[in-house]
Amino acid sequence: MQTKEEATEKSKDLVRMAVAKARLLEPLERLTFDLTKRGLVIGGGLAGLTAALGLAEQGYEAVLVEREKELGGHLRHIHYTLSGDNVQELLKSLVQQAKDNKNVTVYTNAEVTDIDGFIGNYKTKVKEKENGKEHEIEHGIVIIATGGKEHLPAEYLYGKNDKVMTQHELEEKLAADSDLEDPENIIMIQCVGSRDDEHPYCSRYCCSQAVKNALKVKEKYPKSSIYVLFRDIRTYGIKEIYYNEAREKGIMFIRYDEDSKPKVTSNNARVNVLLKDPILKRDLSVDTDYLVLSTGMIPQGDNAEFGKMLKVPLNQDGFYLEAHMKLRPVDFATDGVFMCGICHSPKMIDETIAQANAAVSRACTILSKDEIKAEGTIAFVNIDKCAACGTCESVCPFSAVKVVEKQTKWGLDRYAEVTEALCKGCGACASSCRMSAIDIKGFSNKDIMAMIDNF
Numbered sequence: 001m002q003t004k005e006e007a008t009e010k011s012k013d014l015v016r017m018a019v020a021k022a023r024l025l026e027p028l029e030r031l032t033f034d035l036t037k038r039g040l041v042i043g044g045g046l047a048g049l050t051a052a053l054g055l056a057e058q059g060y061e062a063v064l065v066e067r068e069k070e071l072g073g074h075l076r077h078i079h080y081t082l083s084g085d086n087v088q089e090l091l092k093s094l095v096q097q098a099k100d101n102k103n104v105t106v107y108t109n110a111e112v113t114d115i116d117g118f119i120g121n122y123k124t125k126v127k128e129k130e131n132g133k134e135h136e137i138e139h140g141i142v143i144i145a146t147g148g149k150e151h152l153p154a155e156y157l158y159g160k161n162d163k164v165m166t167q168h169e170l171e172e173k174l175a176a177d178s179d180l181e182d183p184e185n186i187i188m189i190q191c192v193g194s195r196d197d198e199h200p201y202c203s204r205y206c207c208s209q210a211v212k213n214a215l216k217v218k219e220k221y222p223k224s225s226i227y228v229l230f231r232d233i234r235t236y237g238i239k240e241i242y243y244n245e246a247r248e249k250g251i252m253f254i255r256y257d258e259d260s261k262p263k264v265t266s267n268n269a270r271v272n273v274l275l276k277d278p279i280l281k282r283d284l285s286v287d288t289d290y291l292v293l294s295t296g297m298i299p300q301g302d303n304a305e306f307g308k309m310l311k312v313p314l315n316q317d318g319f320y321l322e323a324h325m326k327l328r329p330v331d332f333a334t335d336g337v338f339m340c341g342i343c344h345s346p347k348m349i350d351e352t353i354a355q356a357n358a359a360v361s362r363a364c365t366i367l368s369k370d371e372i373k374a375e376g377t378i379a380f381v382n383i384d385k386c387a388a389c390g391t392c393e394s395v396c397p398f399s400a401v402k403v404v405e406k407q408t409k410w411g412l413d414r415y416a417e418v419t420e421a422l423c424k425g426c427g428a429c430a431s432s433c434r435m436s437a438i439d440i441k442g443f444s445n446k447d448i449m450a451m452i453d454n455f
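The opening position of the sequence shown corresponds to residue 1 in the working numbering, with each subsequent residue numbered one higher.
Hints listed in this document are in silico derivations from the structure and should not be mistaken for laboratory results.
Just so you know, not all the hints are guaranteed correct.
[What the hints assert, rightly or not] Taking lysine-lysine pairs in the DSS-like style, the calculated list, with each CA pair at most 27 Å apart, reads:
no.: 1; residue 1: K123; residue 2: K37
no.: 2; residue 1: K249; residue 2: K276
no.: 3; residue 1: K133; residue 2: K102
no.: 4; residue 1: K373; residue 2: K311
no.: 5; residue 1: K173; residue 2: K263
no.: 6; residue 1: K402; residue 2: K347
no.: 7; residue 1: K173; residue 2: K223
no.: 8; residue 1: K218; residue 2: K347
no.: 9; residue 1: K385; residue 2: K409
no.: 10; residue 1: K69; residue 2: K163
no.: 11; residue 1: K129; residue 2: K69
no.: 12; residue 1: K424; residue 2: K446
no.: 13; residue 1: K163; residue 2: K218
no.: 14; residue 1: K263; residue 2: K160
[As the list claims (entries may be wrong)] Taking CB as the label site, the calculated pair distances span:
no.: 15; residue 1: L274; residue 2: D114; range: 49 to 55 Å
no.: 16; residue 1: R30; residue 2: D257; range: 55 to 61 Å
no.: 17; residue 1: E417; residue 2: K102; range: 38 to 44 Å
no.: 18; residue 1: D302; residue 2: E240; range: 43 to 49 Å
no.: 19; residue 1: W410; residue 2: E198; range: 40 to 46 Å
no.: 20; residue 1: D114; residue 2: P200; range: 32 to 38 Å
no.: 21; residue 1: D302; residue 2: E169; range: 23 to 29 Å
no.: 22; residue 1: E134; residue 2: N315; range: 31 to 37 Å
no.: 23; residue 1: V15; residue 2: S436; range: 23 to 29 Å
no.: 24; residue 1: R328; residue 2: G250; range: 27 to 33 Å
no.: 25; residue 1: E128; residue 2: G301; range: 16 to 22 Å
no.: 26; residue 1: D232; residue 2: R30; range: 38 to 44 Å
no.: 27; residue 1: S285; residue 2: K127; range: 51 to 57 Å
Don't be surprised by glycine CBs; every beta carbon is placed ideally from N, CA and C.
Model the full assembly from the supplied sequences, consistent with the hints where possible.
Shown next as structure tokens:
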């Protein structure tokens with residue numbers, strides 16, 4: 001629009017189109033739904049326990065479902081932090097609080113078999129593995145805290161030589177005061193099963209765990225020589241203090257390149273590690289009493305299953321993908337469903353607690369309401385035109401459209417049905433319908449055609 005005359009003509013067109021549409025508009029009504037003031041937390045690790053107790057402290061009922069026989073998850077295998085805090089005391093306290101809190105119901109050795117419903121009105125079936133008893137739980141929100149699992153490597157003689165162990169296994173030995181036979185040398189290899197083609201991400205905690213265990217070994221066996229073979233040391237934030245402390249105490253850090261990983265062979269009662277030092281440009285060969293592998297965290301195998309139940313996405317690594325890392329952290333695109341802990345990505349203890357509290361805060365913005373209001377601009381189906389092809393169901397990003405079968409006086413009828421509380425009015429279903437059987441309120445075909453005709 002380079003001239004006033006052209007701008008005026010365009011304005012006339014826009015007004016004429018708007019008037020043509022306005023003639024056909026019908027009032028939009030926002031439907032309201034009752035709300036169940038109860039939360040379901042899937043996963044009984046640190047994140048799940050923190051989330052369940054957080055909901056309970058806010059005055060809401062929380063149902064905690066854990067697949068294992070014991071609560072605690074990955075935290076059961078961590079005994080101390082870099083700063084020396086007793087992690088098992090924290091775990092015992094959280095478990096006891098969950099058992100004592102009247103607002104928290106705990107199901108251990110149980111699994112979620114089905115989740116149905118929408119924000120404020122979910123129904124979930126939980127099955128106890130031991131006796132097969134099934135419970136149906138009504139709840140308003142879901143917090144996923146299913147955690148992750150340690151990657152068990154198939155390299156560096158792991159599982160073939162008892163002198164080769166993971167950092168978690170070393171930590172268990174140190175915490176139990178198991179005798180390491182006064183080792184002369186200990187070598188730790190970083191990024192085992194991480195930052196490679198299979199698992200391209202960094203698990204964040206491995207470097208700090210190596211420094212933590214190296215300091216513990218040095219404290220118990222001061223004469224031992226400890227070598228940490230690394231690609232990059234990522235002791236971020238104040239954890240750098242402990243990395244500096246480790247270097248001051250004589251723990252040696254040696255870099256290796258991804259293209260020339262250390263080579264490990266058995267050497268009688270010891271293990272030989274051969275690596276190429278990129279600075280010295282020469283091979284280094286060290287016999288060690290123990291080889292400790294810093295393995296990363298991988299996602300749980302049932303993440304995809306829960307993803308299908310709740311229509312929530314996974315990222316390329318298999319962890320849950322939040323709606324927006326900046327604008328909607330811990331939220332999913334599906335309303336009423338939140339995440340926290342390692343199921344989102346590998347993280348440290350303090351980060352897990354912070355994210356669990358964030359998920360509780362977001363969940364309470366829903367549970368604190370008296371009712372749920374649906375969007376006004378939502379899809380609706382003309383069942384006389386619907387062919388029940390299922391295209392709309394497959395393209396809906398919010399699981400708001402489903403093809404249903406209902407008995408009528410003319411027999412069994414199949415057609416698409418919209419769950420108003422889930423619909424966001426995005427129009428994906430309407431634009432994909434071959435029969436023009438779905439419209440969006442306020443943007444129906446007749447509204448749009450009237451605008452085009454009056455252009």
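Hints, one by one, checked against the model:
Restraint check for K123 and K37: the C-alpha separation of about 13 Å stays at or below 27 Å, so the hint holds. Only pairs whose Cα atoms come within 27 Å are accepted, and K249 paired with K276 is accepted, the gap being roughly 24 Å. Straight-line distance between C-alpha atoms of K133 and K102 comes to about 22 Å, which keeps the hinted pair within the 27 Å bound. Taking the CA atoms of K373 and K311, the gap is about 21 Å. The hint holds against a cut of 27 Å.
Our distance criterion of 27 Å between C-alpha atoms is met by K173 and K263, whose separation comes to about 25 Å. Using a Cα cut-off of 27 Å, the hinted pair K402 and K347 is violated, with the two alpha carbons roughly 37 Å apart. Among the hinted pairs, K173 with K223 is consistent with the structure: their alpha-carbon atoms are about 19 Å apart, no more than 27 Å. Simply put, K218 and K347 have alpha-carbon atoms about 26 Å apart, close enough for the 27 Å limit, and the pair holds.
Proposed proximity of K385 and K409 is supported: the alpha carbons are some 18 Å apart, at most 27 Å. With a CA separation close to 30 Å, the supplied pair K69 and K163 exceeds the 27 Å bound. Between K129 and K69 the alpha-carbon distance is near 10 Å, which keeps this suggested pair within the 27 Å criterion. A hinted pair counts as satisfied when its Cα atoms are at most 27 Å apart, and K424 with K446 qualifies at roughly 21 Å.
Restraint check for K163 and K218: satisfied, since their Cα atoms lie roughly 18 Å apart, inside the 27 Å limit. Taking the CA atoms of K263 and K160, the gap is about 15 Å. The hint holds against a cut of 27 Å. A beta carbon spacing of about 53 Å between L274 and D114 agrees with the range 49 to 55 Å that was offered as a hint. Restraint check, R30 to D257: a C-beta distance of roughly 60 Å satisfies the suggested window 55 to 61 Å.
Distance hint check: the CB atoms of E417 and K102 are about 39 Å apart, consistent with the given range 38 to 44 Å. For D302 and E240, the hinted distance range of 43 to 49 Å is not satisfied, since their beta carbons lie about 36 Å from each other. Take W410 and E198: their Cβ atoms lie about 55 Å apart, and the range 40 to 46 Å is violated. Distance hint check: the CB atoms of D114 and P200 are about 34 Å apart, consistent with the given range 32 to 38 Å.
Between D302 and E169 the beta carbon distance is about 25 Å. The supplied range of 23 to 29 Å therefore holds. Evaluation of the 31 to 37 Å hint for E134 and N315 yields a pass: the beta carbon distance comes to about 32 Å. Taking the beta carbon of each, V15 and S436 are about 28 Å apart, inside 23 to 29 Å as hinted. Between R328 and G250, the C-beta spacing of about 47 Å breaks the proposed range 27 to 33 Å.
Between E128 and G301, the C-beta spacing of about 21 Å keeps the proposed range 16 to 22 Å intact. The given range of 38 to 44 Å is broken by D232 and R30, whose C-beta atoms sit roughly 52 Å from each other. The hint said 51 to 57 Å for the Cβ distance between S285 and K127, and at roughly 55 Å that hint holds.
Hint check: violations occur at hints 6, 10, 18, 19, 24, 26; the rest are consistent with the structure.
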